[in-house]
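Undergrad: Sequence:
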Amino acid sequence: TTHVGQETTLAQIVRLVEEAQTSKAPIQQTADRIAGFFVPMVIGLAILTLIARIFVGFYTMDVEYTDKRTKMEMILKRAFEAAITVLAIACPCSLGLATPTAVMVGTGIGAINGILIKGGEPLEMAHKITTVVMDKTGTVTKGRPRVVVIHSLVLESRLSLLKLFAAVGSAESNSEHPIANSITSFVKEWLNTKEWASVRRFHASAGNGIVCEVRNIDNMLLSTTKKNELQIDSTIKLSNGDVKLIKNEHYDIHEHIFDDKKPLRVVIGNERWMTKNGVPIDEYVENLIKMEQIAGHISVMCAINGYLVAIISIADVVKDESALAVWALQRMNIRVILLTGDNARTAEATARQVGIREVFAEVLPNQKRIKIEQLQEMKERVAMVGDGINDSPALASADVGIAIAAGSDVAIESAGIVLVKNDLIDVVAAIDLSKRTTRRIQLNFLFAILYNVVGIPIAAG
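No gaps in the numbering here: position 162 of the sequence shown is 153 in my numbering, and each next residue is one more.
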């Protein structure tokens, strides 16, 4: 979609920076309260100075006076000079400006380096973080999963691979999930087609899968020249890598199950989703899935008309900087946790690659938020790093939500910090920037207080 005017990426970045630089950090509220007491206190000190200097002037004999000025005039002159000097020296502005100037510089430096911080609160809070929770797909990994292995579980004579891929690709074309996109990309390139079969009654369950009806597959296949030429253990050559096809032909399904004249009920997802939709899974299939998961692949099961017909294994490459970012956070004594909806074996394989020791796997979107809240109940200050719609509740619940700019608009809206460069090292940079900005705010307060503590007594004489 093309955006214009205020909807362009640059315009949104400028708006975020402007809003951030005018927003108040929590410590600024304390400064405002102090400044509110400071002004009447200084006025009171000036009045006390005036009274004290008049009193001292009357009871000391060192006051010089001439015929033109009486002793009273000289006393009042010096008393008012001292009181006005107190008012002039006192500087409540230094307290009021200690925070906003630092926030403005901090958010500006962040924006220059591709870290958009939405105001003073996340900027101040980030330095208190004790635990960083990371989503897997699109955060720790590149978010560009691709199909690597396909296990066909039915006889070619019962359901051709062309129809199988056409049905699965058409069903997934209605989903925006990265895994669905990887499947549709594979089908589109292999079948060399731009059209999909008709899909009705589509339903997606976050963290589980999809179910729908697919019609008119034969019409879709008329636009492709692809033939059923694949043999056992074939390799499909594609632009983004090879796909290994393994024809297990485990199930001998009745030939009338896949009637071309009737809509096909397609179910695609994980084991939970298959069970919920009445698709049986036997030990043979469970072992296949386990084997793929140990290899670090995400296994997606495909069922048509109640029968499991294929297992599609998908791999997502870990980002080059993920391991370095995890190491840097751990060096800062920050606990790092991988939180994902993927199965435990796949999640643990990814965690091992980047050095993450704690993994919460098979977690649904609403459960992610609960996990964040549980950590907060343990007195942890939690930052959540994610990119998807399903991460939004957790991003909003975390003490600091950090979104990848390449992710969904909902995730970006829910987060307090946005990483424009899609680089996990910027999580480390954001926390470090928060620490430096907070130290500068504290130093500004120290100098402001010292100036007034030293300057006002000198002015009062």
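These aren't lab readings, by the way, just hints derived from the structure by calculation. These numbers come from a predicted model, not from an experiment. Be aware that one or more of the hints could be misleading.
[Stated by the list, open to error] Taking lysine to aspartate or glutamate pairs in the EDC-like style, the calculated list, with each CA pair at most 20 Å apart, reads:
| no. | residue 1 | residue 2 |
| --- | --- | --- |
| 1 | 179 | 262 |
| 2 | 267 | 277 |
| 3 | 119 | 400 |
| 4 | 133 | 400 |
| 5 | 133 | 147 |
| 6 | 228 | 180 |
| 7 | 185 | 209 |
| 8 | 281 | 371 |
| 9 | 281 | 262 |
| 10 | 362 | 349 |
[Said to hold, decoys possible] Derived CB-CB ranges, DEER-like:
| no. | residue 1 | residue 2 | range |
| --- | --- | --- | --- |
| 11 | 119 | 344 | 51 to 57 Å |
| 12 | 167 | 412 | 19 to 25 Å |
| 13 | 309 | 191 | 16 to 22 Å |
| 14 | 204 | 281 | 55 to 61 Å |
| 15 | 209 | 348 | 48 to 54 Å |
| 16 | 430 | 42 | 53 to 59 Å |
| 17 | 272 | 209 | 28 to 34 Å |
| 18 | 204 | 324 | 23 to 29 Å |
All C-beta atoms, glycine included, are put in the ideal place defined by N, C-alpha and C.
Undergrad: Now tell me, hint by hint, if it's right for this structure.
TA: Cross-check of the supplied hints:
Taking the CA atoms of residue 179 and residue 262, the gap is about 26 Å. The hint is violated against a cut of 20 Å. Distance restraint check for residue 267 and residue 277: the Cα-Cα separation of roughly 16 Å lies within the 20 Å cut-off, and the hinted pair is therefore satisfied. In summary, the hint linking residue 119 to residue 400 is not supported, as the alpha carbons are separated by about 27 Å, beyond the 20 Å threshold. A hinted pair counts as satisfied when its Cα atoms are at most 20 Å apart, and residue 133 with residue 400 qualifies at roughly 18 Å.
Proximity of residue 133 to residue 147 is assessed by CA-CA distance (about 35 Å); at most 20 Å being required, the pair is judged violated. Proximity of residue 228 to residue 180 is assessed by CA-CA distance (about 10 Å); at most 20 Å being required, the pair is judged to hold. The straight-line distance between the Cα atoms of residue 185 and residue 209 is roughly 14 Å, inside the 20 Å bound, and the hint therefore holds. Taken as a hint, the residue 281 and residue 371 pair is broken in the structure, with Cα atoms around 34 Å apart against an allowance of 20 Å.
Of the supplied pair hints, the one linking residue 281 and residue 262 holds, its CA atoms being roughly 12 Å apart against a limit of 20 Å. With a C-alpha separation of about 13 Å, the suggested pairing of residue 362 with residue 349 holds against the 20 Å cut-off. Under the hint 51 to 57 Å, the C-beta atoms of residue 119 and residue 344, about 29 Å apart, miss the expected range. Take residue 167 and residue 412: their Cβ atoms lie about 23 Å apart, and the range 19 to 25 Å holds.
Roughly 38 Å separates the CB atoms of residue 309 and residue 191, a value that falls outside the hinted 16 to 22 Å. Between residue 204 and residue 281, the C-beta spacing of about 31 Å breaks the proposed range 55 to 61 Å. Our hint of 48 to 54 Å for residue 209 and residue 348 holds, since their Cβ atoms are close to 52 Å apart. Roughly 41 Å separates the CB atoms of residue 430 and residue 42, a value that falls outside the hinted 53 to 59 Å.
The hinted window of 28 to 34 Å between residue 272 and residue 209 holds, with their beta carbons roughly 29 Å apart. Between residue 204 and residue 324 the beta carbons are some 53 Å apart, a value that contradicts the proposed interval 23 to 29 Å.
Hint compliance for this structure: hints 1, 3, 5, 8, 11, 13, 14, 16, 18 are broken, all remaining hints hold.
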